[in-house]
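Undergrad: Given only the sequences and the hints, what does the whole structure look like? Please build it.
Chains as they are written, first to last, in our numbering: chain R, 733 to 826; chain Y, 3 to 341; chain U, 44 to 555.
If you are wondering where the hints come from, they were derived from the structure by calculation, not from laboratory data.
Here the structure is a predicted model, which means the values were calculated and not measured.
So, partial list: chain Y residues that the calculated Cβ filter (under 8 angstroms) puts toward chain U: (1) Glu36; (2) Glu45; (3) His46; (4) Tyr83; (5) His94; (6) Leu137; (7) Arg144; (8) Glu152; (9) Glu205; (10) Val209.
Backbone N, C-alpha and C fix where the C-beta goes; we use that ideal spot for every residue, glycine too.
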Amino acid sequence: MNAALRPVSIDLQESEENRALIEAIEADNPEVTTRHLPGLIKLQAPGQIVINRESLEERLGHEWETGEFQLAIVSYTGNVSEWDDDQIIVKWEH
Amino acid sequence: MQYELRHQVIPAKRQTYQNVIDRLGDQPVSRYLEGTLDVQPREHFHYRPTWMPNRELYDERFSALRLTDSYRFTDPRQYYYTTYVAARAGLHDDFGKTLSYLEERALLARLPAGWQALLSSIVVPLRHYESGAQLVSVAGARFAYGTSLEQCCSFAAFDRIGNAQMLSRVGIALGGGTRDELETAKRAWVDGAHLQPLRRLVEEIMVLDDWAESLLAIDLVDSLVYPLVYRGLDEHALLGGAVAYSLVAQHFSAWFADQRKWIDALVATWATDPEHATANRAALGHVLATWAGRAYSAVAALAAAVDNHLPMAETSAALAATAESRRSPWASLIGGAAS
Amino acid sequence: MSTESPSAAPRKKLPLKERYALLTRDLDWEPSYVDREQLYPFTRYEGIKIHDWDGWQDPFRLTVDAYSKYQAEKDKRLYAVVDGFAQGQGHLTLSDASYLNSIKLFIQGVTPLEYAAHRHFAFLARHLEGPAPRFAALCQSIDELRHTQTQIHTISNYNKYYSGFHSWSKMHDRVWYLAIPKSFFDDAMSAGPFEFLISISFSFEYLLTNLLFVPFMSGASFNGDTPTMSFGFSAQSDESRHMTLGLEAIKFLLEQDEDNVPIIQDWVDKWFWRAYRVSALVAAMMDYMLPKPVMSWKEAFELYFEDQMLGGLFPDLDFYGIRPPRHVDDAIAEKEHLSHQVYKIFHNFSSVAAFTTKTPDDAHLDWLSEQYPDTFDTHHRPTWEKHQRVEAGGRRMFFQGLPQQCQVCQLPISFTEKDDPGKLSFRRSEFRGETFHTCSDGCKWIFDREPEKYVQAWLPVHQILKGDCGGPTIPDVLAWYGIQTGDNGEYTGSPDEQFWRAWHDPSLKHGE
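TA: Spelled out as structure tokens, the structure:
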């Protein structure tokens with residue numbers, strides 16, 4: 733199975749602070765599936781998951797730095813392919 | 003309305019872990035002690051290091067300085083991970099506020115020429131000195147014997163890179179948000195005549211085998227550099243229309259005061275160890291004999307450079323006036339073996 | 044002296060990647076007063092070739108100020124949960140006191156490995172030549188201290204009321220089954236810096252991390268252990284950084300020179316097997332020591348290793364010429380049997396361990412039959428039913444001798460052949476005129492690559508027989524281990540169980 737199809741996933745704490753983040757991810761990644769476990773949300777998608785700062789800021793109503801993702805993440809499967817001021821991308825490279 | 007909650011109290015079998023009970027009796031103790039005492043393994047290592055087959059994985063022989071019981075030394079600051087990061091979050095938060103304040107008002111660019119030159123050619127290049135100090139400290143994090151000691155070295159290593167990053171951010175701000183000043187600073191560190199004695203000294207310290215000797219050698223340099231460059235110039239900055247300098251320097255002075263607490267306590271513990279005091283004092287004396295003079299010369303070259311930019315501060319004279327016995331805060335702790 | 048305002052140019056802001064590089068790798072300089080080899084003496088002897096340290100990527104770009112801020116916030120939240128649980132006497136709401144045997148195994152077996160990682164990532168932070176991986180290693184070193192201490196603190200409350208927690212550090216050094224994890228990490232620490240990167244950063248922190256940690260943390264969640272579960276969540280975000288370091292490490296080394304590929308492959312092969320053998324303890328724990336089970340070992344192995352790693356990661360590494368680990372098929376074949384074989388050892392030998400065990404009851408046996416429909420009833424259920432009958436007669440069987448240990452993984456030799464679950468798997472190697480025993484093809488292969496290393500091992504059973512473990516009798520050895528009354532043996536009737544029963548006894552009078 734090539735990289736574009738193999739699933740990647742991100743696990744986030746299910747908390748009030750992360751509500752906007754989860755909504756932004758679901759909005760920006762149409763193929764993402766969401767599973768609820770106690771205290772945890774598993775987001776899975778084929779190939780890649782993208783987190784866009786702007787998308788999240790719209791939902792938060794205030795500024796957000798991509799570094800703050802450190803506080804939300806529990807785990808991930810895949811490769812952190814990009815992490816700059818505007819975007820975080822988790823995907824398989826090959 | 004106040005009220006008291008009744009509990010069904012279940013008697014505890016013990017108040018803490020057994021190793022703590024063995025040392026201090028069965029009583030509740032601090033998180034620092036529970037997280038530090040006797041954590042490092044002591045015996046029955048399975049394989050010798052392929053990178054140093056004449057040593058064990060944890061080995062007192064990584065330094066000439068020894069303790070009968072490592073845990074006679076404890077960190078006066080009582081830093082374990084949580085209290086350490088909380089303290090440093092505060093320090094970096096304060097620094098960030100200072101920097102924002104300076105950046106918003108372009109106060110670094112408005113510094114008098116001499117102060118800008120000081121920052122550009124002497125202070126910002128110290129980011130590389132801090133980086134070298136980090137390499138030295140992290141050796142202690144791996145090779146010191148006992149969690150109480152190595153924990154302080156670990157935090158010191160993280161502190162040094164924190165300091166290097168603060169200086170780097172000052173450099174970026176000084177360069178109007180660009181990397182220009184950092185490039186200048188690196189050239190000064192690598193080629194500038196006034197910094198070569200210090201760079202040479204740091205490189206020679208970095209390759210020492212004994213992690214404690216290298217840590218103490220750096221401390222000898224710190225003990226001259228920090229009072230000179232940060233605290234020492236503070237008054238002159240305030241009087242000389244260079245408040246921005248004072249605002250930056252305060253964070254480094256505060257850090258150095260914190261660093262002193264554990265290093266001085268550790269040296270005192272080495273110097274008074276029930277079995278090893280004599281040998282330790284000799285080793286400490288050896289450190290002084292080897293490195294104190296070198297530290298002085300290296301910092302004197304810096305001081306001369308400071309004089310060029312800020313003659314009214316009379317930095318070289320201030321350095322020379324540092325009494326011989328005060329050139330290291332811990333020299334007096336080792337009595338007759340001091341050089 | 045300039046008092047003019049500077050021109051009103053908008054303040055520039057450096058992009059994150061560049062700013063991060065300036066605050067980390069740019070701090071480094073090429074030494075000219077000492078030789079590079081003097082400064083970094085350990086980076087050549089493993090045969091790994093690095094041409095450009097600057098090729099290292101930093102996906103997680105945390106500077107010290109951000110690190111301190113985020114980590115302080117995480118610890119505030121975590122300790123609030125730990126304190127709340129203690130205040131509310133939350134241990135009384137666990138599924139059962141027997142659950143805590145899994146946490147005894149954790150603090151005795153895993154917490155010391157966190158500490159070892161803290162110490163040895165500091166070794167990398169000193170001895171790797173590239174400033175970028177050095178800084179990443181320093182952050183990991185500090186993170187591992189966080190894990191060590193938050194575990195000590197989280198479990199401190201259990202230590203007050205239950206057996207088996209009190210002497211975890213001394214026991215890790217001395218007690219027979221703890222030589223399994225201790226020797227694993229000693230093996231990694233005694234290796235060179237690049238092998239350590241592959242063994243721990245890659246194999247432990249990436250390849251097998253979910254298999255090792257999810258059972259404990261999910262087990263905590265299912266069994267009412269809120270603080271351990273909170274620790275798990277909180278540590279996991281650090282683990283994301285560690286996983287990233289591991290993946291970056293292996294890719295960096297593979298990309299630097301083709302000659303590195305076979306060396307790395309050998310390390311992947313060795314460390315998969317070495318870590319997999321340690322995970323056998325987790326297998327036994329998750330199938331047998333959780334009153335409310337999460338999933339079976341078999342299911343966890345299929346999900347976290349076969350699907351996610353063989354199905355996800357290794358296709359990615361195939362690009363570099365790395366194939367799945369040698370002996371992986373043996374691990375796959377063992378998944379039906381591993382947990383049962385190891386728990387039988389625990390069950391037979393908990394008289395000399397710092398935790399208690401019990402025979403599964405019928406409901407538990409039925410669950411195991413469901414999880415292992417093809418093998419449990421034939422190969423393992425009869426043993427447990429025999430124990431049930433023995434115990435119904437008022438006795439409890441403990442093995443009265445000492446087991447033979449594998450020279451490499453140090454597990455008692457108790458696994459069976461892939462194609463014959465009735466036949467003990469047992470291998471021999473000769474070295475300098477002596478015979479050494481291993482438990483499997485995987486461990487034998489590891490031994491034969493580096494016999495001079497594995498013959499150094501401090502094998503607990505040999506040491507007991509030599510008389511170096513406190514004395515000639517079992518009570519002597521237990522005293523030397525630091526085992527106290529209530530720590531060992533059978534769970535039913537133990538002080539922990541009596542306390543639990545008394546507290547939860549519905550027949551007590553109201554308010555008693």
